Every structure is written in structure tokens, then in C-alpha cells.
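For the protein sequence lines, the chains are A and B, in the order given.
Quick note: the first sequence, position 6, residue 6 per our numbering, numbers continuous.
Quick note: the second sequence, position 135, residue 1135 per our numbering, numbers continuous.
These are computed hints drawn from the structure, not numbers from a lab.
Be aware that a few hints might be false.
[Stated by the list, open to error] Covered stretches of chain B, going by a simulated chain A footprint (3 or more residues, C-beta under 8 Å): (1) 1108–1118; (2) 1270–1277.
[Claimed, not checked] A short list of chain A residues far from chain B (calculated; beta carbon distances all over 10 Å): (3) Leu65; (4) Arg71; (5) Ile85; (6) Ala132; (7) Leu189; (8) Asn263.
[Stated by the list, open to error] Computed spacing ranges between beta-carbons, pair by pair: (9) B:Ala1081 to A:Arg48: 34 to 44 Å; (10) A:Phe51 to B:Thr1115: 25 to 35 Å; (11) A:Thr209 to B:Arg1068: 52 to 62 Å; (12) B:Ala1118 to A:Asp131: 39 to 49 Å.
None of these values were measured; they are calculated from a predicted model.
Quick reminder that beta carbons are idealized off the backbone N, C-alpha and C, glycines included.
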Amino acid sequence: MRSGARSGLGFALVALAPVLTIYATVRIYPIAETLRLSLHNWNIISPRKPFIGLANFEELMGDALFLEALRNTTIIAFAVLAITIPAALALAALINHRYGSRLAGFYETAIFIPHVVSLVPAALAWKWVFDAKLGPLNWLLGRFGVAAQPWLYDPVLAVICVIVLCAWQAVGYAVLILIVGMRNISPSLYEAARLDGANSWQLFRFITTPQLKPVLLYVSVVTLISSFNIYAQAFVLASDSQGAPGKLVRVLVLDMLENSFRNYRVGYAAAEAVILLAIVLVLTGAQFRLFRDRSAAS
Amino acid sequence: MSAERATGASGVADRVIDVALMAISFAMLTPLAFLVSNAFKTPAELLAWPPTLIPDAPTLDNLRAVIRETPLFRWIFNTIAFATLSTAAIVTTSAVAGYVLAKFRLPGFGLIFGTILATAIIPFEVYMIPLYLGVQAAGLLNTLWGLLIAYLVMSFGIFLIRQYAMTSIPDELIEAARVDGAGEWWIFLRVALPLMRGPLGALGVLAFFQAWTAFAWPLVVAAKTEAQVIEVGLALFQTGFTVELGRLSAAAAVALVPSVVFFAVMRRNFVRGVAASGMKE
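In isolation and in its complexed conformation, chain A is listed as follows (with noise of 0.2 Å):
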């Protein structure tokens, strides 16, 4: 169709105008200014904004809380990815285990359930099962006779609430995509290593696992990048001691908002977006690089 598309070469450049306008609007744009503001001192109001070239980034490597920021959202992100990881592979492997039973649907969508739920309603419901007083975690614990614990206003346990929260809403999206993968594993592999009388765990320790390595790799990237610009967690659980939300646990995310519009730093505000940004890339850059390397050694 390359010649014959003569005709839609218009229809292509009109249908696609608007579209890439509106891309380039509130993608392109924002994405440019946002490196570029990382590089001037301004304060929203003043029509000033003098270049200070990396003067923020100098700043920020030496300011207590965004390091604190920085510091809370690694541990959680990849704490969330130490339990989510494990826990989906096996849930993955006995629900495609279980794959041809009545139950799997219902297995399969209870797990996902807590990924599509709204965030605020789901970080309420375990406010409450962290709460001192009313919540069920501690009466759990009274039972095995271990003291009540502040879950929610202790600096430490908090964070613990938070990983909690991102894990169980992290790990549905995991056993999906993982399942996924190990439905694409040729049955093939399988029926040769029965035949070599594998057995159940050796079948998934020698192959479910090494084919599934670009699926795993994969999961991994987006589970602990959807975990350092987690917010709305925060935000909701971990509200100090005068109601204040999210003070408890300060995320880079919650930092730089409070960088913009509560402190009008927006120049500081575009640094630390643009390292939150470098985080990502070397995330992706890593599971790149990790992902060929397993091409090129098979």
C-alpha cells in the first residue's frame, strides 16, 4: 500500500495532527520544562528565574528531607519488590496449576481484586486494621501475647504499614502478567523432562523458572517503579500525630509537591522530578541490559 496511500497521505497528516498536537502539549512540553526548570531558581511569583545551573541538585544532596524522602521511598520500593516477587511466583505457579479447575477464576480475581481498587478506599480499609486501638492486627498479636504496637505513629512501623499496603496491592498485578508468561512456556519442555522423570518442584526450578526470567525481569522493573512514585499510600496512612498526611513517611513524590506548592520552590521542586525521573530510566536502562544479556548467554 506504500504507493497506492497517495490518496492517504492527507487523511494520515490531518487525522494525525490533532493528536500529536495534544501529545506534544501535555507530554513533550511538560517532560522539556521540567529539565529545564531544574536548572533555574524560581519562586512562581517572581517574573525572574535566573539559571543556576545544578545549584538545585547541589542543594538537594544536601537537604535532610529529601534524603529522608529518597531513603523511606527505596527501602519501601524495594521491600515491596522482595515480598511481591516471591509471593506472585508462587501464587502464579499453583493458581496455572490449577488452572483447568472451576476455582482458578475465582482465585485469579480475588488476588487482583486489591491492584484496581480505588487507592484512598484501599489504604482506609488497612488503616483500620492497623489502627492501636481498634485494629485487628493488634488483638491478632494480644493473642500470641505480643504488645500492641503504634503501627501507624511510630516512623518505623509506618513504613512497615506502607510496604503492606503496596505489596498487597502490588502482587495481583504480578500473579496476572506472571501467569501470562508461564501459559507462553511450550508444553513441549515439559513433556521432556517428564519423560527424564522430573518431578513437580524440579519442572518448576528448571524450567518455569529460567523461561520465565524475561517475564520476571519485566514484573520487577514495574513493580519497583510504580513503587517509587507511590503517593496516595502515604498520603492516606501515614498521617502524624496532628492529622497531618503523610508526614510520617515522607516519599519523593510527597516531597517535591510540598517543594512546589507549599514552599513555591518549583525550580527545586523540577530537580528533584528530574531524579525521580533518572531513577526510572536506570530502572528500565538495568532490565535492558539484564534482559540482552540473557539473550546473548542462551
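Following the hints, position chain B against chain A.
Frame of chain A; chain B shown alone:
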């Protein structure tokens, strides 16, 4: 289950796996079940130990109080309007751009598609501040249009439709329509669109959920009580000092139930869309 009534050890193993998966499935749903349950409890029952899953004396007082104290229905209306318009916009822009980028070869199209793919991985939070400043400059803060601006296009949607159009709409079909004298718009609307119904449906469900669960953007752009979406309204409502658990649960349940019902109805579309998002590698 009866279809594969296995005998001996493997049958026992399957029962054990079923019991374990059943327990995990219910455990995953427990927090949400209690949230809905708490919405219908009296203040006294909320303090009961251990907490009851089915309220002894269900009451609508919490719900009535929330409706009285917050513009709950306004928030829900805002959210539905936002999610519906965003879905319509994303489905339209993805269908047009995906189709054109798949079926026409023009210099620069490769670069355009590459740029869209590259920006797909950049989280929204990275560039939301300049976008906010743009909405502010346009005087669209606290309006539906201001909310919508950030949710008119979806990189993944363009990608999904382009891949599908390349593999599943034969060039010969389009060529044949041209030979018959059909115009390009007619071919797009009458030949290509019906063939893309499947992926467009999946994309639509994804887009709706994306807007329904949006948080950071609506929080800054539509901060005025009347303009808030349900997620934001709820999140700010719960930071109040005097809010009690019953009312909070009632408001949360009102936000939660539609999303669960919508998911149950659209499950197949949704799963297909999410699965497609994982297969892009």
C-alpha cells in the same frame, strides 16, 4: 474440579493447594470486606472485640451522616464525568494515532513513534508541575477540563493499537476498499475501527480505571471541595480530627463498591489490557 478427578497422591496435593489458595484469596479480600462491613456498624459495634464481619445491627446512619456532611454525590459525579471523558479521549486518540502510525509510512513516523514509546516510561509525577502551571495559566484550575488535560492521551494506548493494527488488519483489505473507491475516513471508520474493537475495549477499561484511581493530579488541580474527585475528597475528609471510623468506612465503601462492580463486569477486557501491557517486551 470433577473433570480432573485425579487419584492418589496428586489428588490430595491438589486439594491442599486449593485450600491454601482459597485461604489466601479470602485473606486478600478481608480488609475490603471489613471496610464495607464497618460502614454499616453502630458506634458501639465498631468497638466490639473481635470485630464482626457481618454487622449485628446494620445501620444506615453512617451513610446518611456522610451524605449530610460531604458533597459525596458531587464527588462521584465529578469522578464519573472525568473518567468517562478521559476514556473517550484516550480511546479516540489511540485509535487514530495507532492506526495511522501502523498503516502509513511517512518520513518522520518512525521518530514520532519512538518518541511516544520513550515517553511512555516517564512517570506522570515527573512532569506534573509544568502541566499544573499550564492549567493554572489557562484559568482551568478546579474545572473538569483542567482535570482532563493530563488524561487525553495514553502512550501505551497508541502503542497497543499500533501493534494490533499492524498484525491484525491486512493491508490487502484496506487496499481493496481503496480500489472500490472508498475514502480514507470511511475505511478508518467502517473497516479498521470494527476490527480494532477488542483492543479498544480493553484500552477503554484500562483508561477508565486509570482516571478513576488518579490521585496526585486531581489533588493539586481540583483542590476546591466542589471540584474534587471521590479519591481526593475521601483522602482529605479522613485527615479531619473528628471523623469517626463508621462514617469514614461508609464514604470509602461508596467509593469502593462501584470500582469492584465495574471490574467484575469488565474483568475479561481488563485482564486482556493488563496482560497486553506486560507483553510489550
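We went through each hint and held it up to the structure:
Proximity of the segment 1108–1118 of chain B to chain A, defined as three or more residues with a beta carbon under 8 Å from a beta carbon of that chain, is established by the 3 residues found. Counting residues of the segment 1270–1277 of chain B whose C-beta lies closer than 8 Å to any C-beta of chain A gives 4; at least three are required, and the coverage claim holds. Every CB of chain B lies more than 10 Å from the CB of Leu65 (chain A), the least distance being 17 Å, so the non-interface label holds. With 10 Å as the threshold on Cβ separation, the claim that Arg71 (chain A) sits away from chain B holds: the shortest Cβ distance comes to roughly 18 Å.
With a closest Cβ-Cβ approach of about 14 Å to chain B, Ile85 (chain A) is found to remain outside the 10 Å limit, as its non-interface label requires. Residue-level check passed: Ala132 (chain A) sits 13 Å from the nearest beta carbon of chain B, beyond 10 Å. Leu189 (chain A), annotated as away from the interface, keeps every beta carbon of chain B farther than 10 Å; the closest lies near 20 Å. Residue placement check: Asn263 (chain A) keeps its beta carbon more than 10 Å from all beta carbons of chain B (closest about 13 Å).
Separated by about 39 Å at the C-beta atoms, Ala1081 (chain B) and Arg48 (chain A) satisfy the suggested range of 34 to 44 Å. Taking the beta carbon of each, Phe51 (chain A) and Thr1115 (chain B) are about 26 Å apart, inside 25 to 35 Å as hinted. Evaluation of the 52 to 62 Å hint for Thr209 (chain A) and Arg1068 (chain B) yields a pass: the beta carbon distance comes to about 55 Å. Separation of Ala1118 (chain B) from Asp131 (chain A) is about 44 Å and conforms to the stated range, judged on CB atoms against 39 to 49 Å.
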